[in-house]
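Undergrad: Protein sequence lines correspond, in order, to chains E, R and V.
Quick note, the first sequence lines up with residues 1 to 344 if you use the working numbering.
Quick note, the second sequence lines up with residues 1 to 176 if you use the working numbering.
Quick note, the third sequence lines up with residues 1 to 164 if you use the working numbering.
Note that these hints are calculated values from the structure, not bench results.
Possibly wrong hints are sitting among the right ones.
Said to hold, decoys possible - Computed cross-link-like contacts, BS3-like style, restricted to lysine-lysine with a CA-CA straight-line distance of at most 30 Å:
| no. | chain 1 | residue 1 | chain 2 | residue 2 |
| --- | --- | --- | --- | --- |
| 1 | R | K13 | V | K55 |
| 2 | V | K55 | R | K121 |
| 3 | R | K13 | R | K127 |
| 4 | R | K127 | V | K55 |
| 5 | R | K16 | R | K127 |
| 6 | R | K16 | V | K55 |
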Amino acid sequence: MNRRSLPALVCASACAFAFLLPLNANAADSALALLQAGVRAPLTTSYTAQVERIHFGARGSRQTLVRIEHLAPNATRRTYLAPEAFYGNTIVQRGNRRYECDRHHHRFVIRVEHDPDDLSTAQNFALLARNYRAEYGQDEMIAGYPVISLSLINRHTGEKTMSIWLERNTHLILSKVVFHRDGAVASEMRFEKLRYTNKLPANTFSTSAPSGYIVVTNNVANRSQSAGSGETDTNKPPTPIDPHFLPEGFALIQTTYPTLQGVPFLHLLYSDGIRSLSIFENQHNTPAGVNGFHAQSVKIGERDAQLVADGANNLLTWQGAHSSFTLVGDLSKPELLKIANSLR
Amino acid sequence: MEQAEFLEEAIEKYGKATYNFAYRLTGNDADARDLTQDAFIRVYRAWRSFRPGTSFISWIYRIVTNLHRDELRRRKGRYLEEIPEDNSPQAFGGSRPLAVTPIDDYINQGLDANITLALEKLSPEQKRVIVLADMEEYSYQEIADIMGCSIGTVRSRLHRARALLRNLLLPIREQS
Amino acid sequence: MTPHCSPEQLVDYVNGELAAAADAEVYLHMADCSFCHDAYSSELSLRESLHNFGKATERELPASLADAIRQAATPQRRVSMLNWQSFWRPRIALPALGGVASLALGVLLLSPHSSGVSTSIAQISAAAFLDRHTEAMVTMPLAEHLSAPTFESAATLQETPDEE
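Just chain E, same shape as in the assembly (with noise of 0.2 Å):
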């Protein structure tokens, strides 16, 4: 190459480029590329719509229906009209800092929560690219535009685990329906009255509480740094325990050590890239408490333990020889179950 001419090397590349330019449409419009822009649509989409969301569980369905006014490429308002008992409730999401605002209780609550970084998400979506194929479906149309639809399969086990629909020019993913292992639908979404706009009124973002409301601030990001800084002696984080089994394709993505309504526990977050678990543990006699919930008795070993279904999501929680468990994710049963038994 060093012995061609300046004109030679010109005229080769464009030769080059020309030829790329066909590989990169084609990258553009396989599955997993398009998979990509739909996570990234709403970074450079403005939108307004109203959001379907249903969660089925073993005794019935849980509906809500939100209003959403979106400005890319972070700012989020949403706004609760179903089911009764949130109606007129708000969310402001603004970058990492989240704003609830629960008029019910006169409750407004400020969060903020982990920033996530470009180098975990990719990892993340790697790591959902490993396990999951994606296959074309039928094209469609939801809230009067053309989508394109795709068939996330575990790689694993065959099973299709998401089937999302992506609008087919701005890439937004306007449905997704999510299936439990034994192909039950474990909880679809649907946008409705969809419309594109960045023309919304300066105060769909305000962040301030309403008068005599009272303001709680839960800090997720700092409640992570918490390990070893001088706690007492209980407050030490548990002997992290690795489960002996887990799904196909699970890795762990993160290790934190959140405090929960004053307790230290360690957080163990596994995930395939569409499932995930979590395992928290404290050394305190702290078993989740399943008021309110129908729960299950189990045995994990000789131990007792809980067992509690909320829409995809399962629940198990038990007290240990020494530590606390409670295991959260949207696997089946068996598989908590499964896992549970193999913490060492």
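Place chains R and V on chain E using the hints.
TA: The following block gives chains R and V in isolation, referenced to the frame of chain E:
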């Protein structure tokens, strides 16, 4: 030799070649992984049927070829996507910035990309024969053994595949 | 031989698959025929390109694949390489190392049995764990970022236990 030891040695010696062969047939990492894993599982289960002195690579390539053929039949009519590599974030939408890429790389990328695309135009059987004959330099007899067909079939598939590649690639090569 | 070599003959010649007599015939013919020699050069160049392409695009066997094969072949070996790889991510490794360090400090300061003495604390609602799980999912590509605020998952579940 124990079964586990046999597997370990097979992975050590032939894992890379098998994975590369599978990758060239499928064109993506995830399917290549599945194919390689399935082939080694079959090898593991049938380890006693392997006769020392015969070519292991021909055996496992034949298994890969058959599994790939079966998989294509099973998926007939479905779309497949390109799957990213381990730890390569640039595969997710980020091509390298133009300003810092040496021009040689672009030309090579272009030629490689040409070959990649040209290979995609071949039928699965033609692609297999090109991979084995031209990239891995197997003899017609070895290819016939791997593909489970006659030498005449290998020859005719190779001739057709080469003619197609010649038409697709040579004009571009001459330009660059 | 006809005036020129056929493309098929040249492919077989390049691949060294012609019988000895036919091979010699092509060789001799090309010495006098520039047309066939050019065609041969072109065919050889194509084969070299394909061979070089094969070499240039050769991949190492991913360690995770080798491990997956071993696991699938011998299912009792359940150690996941993915988990270990994930451990070395900075955002996981640093807090984990911090945890290990503070744990080591705890072991130094406490007698081995004192950590087994647990302090009874009021129960934490299952809803808090469910919320925390959802919050932690923020970096997952298809997580429902918009779901499960406190008032949705916790308070109302307790008010309407018959609903899922």
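Undergrad: The structure should be examined with respect to each hint, and the outcome stated for every one.
TA: Here is how each hint holds up against the structure:
1. K13/R - K55/V: holds, 17 Å
2. K55/V - K121/R: Answer holds: K55/V to K121/R is near 21 Å, not above 30 Å.
3. K13/R - K127/R: At roughly 24 Å apart (the allowed maximum being 30 Å), K127/R and K13/R satisfy the hint.
4. K127/R - K55/V: At roughly 16 Å apart (the allowed maximum being 30 Å), K55/V and K127/R satisfy the hint.
5. K16/R - K127/R: Distance of about 19 Å is within 30 Å: holds.
6. K16/R - K55/V: holds, 12 Å
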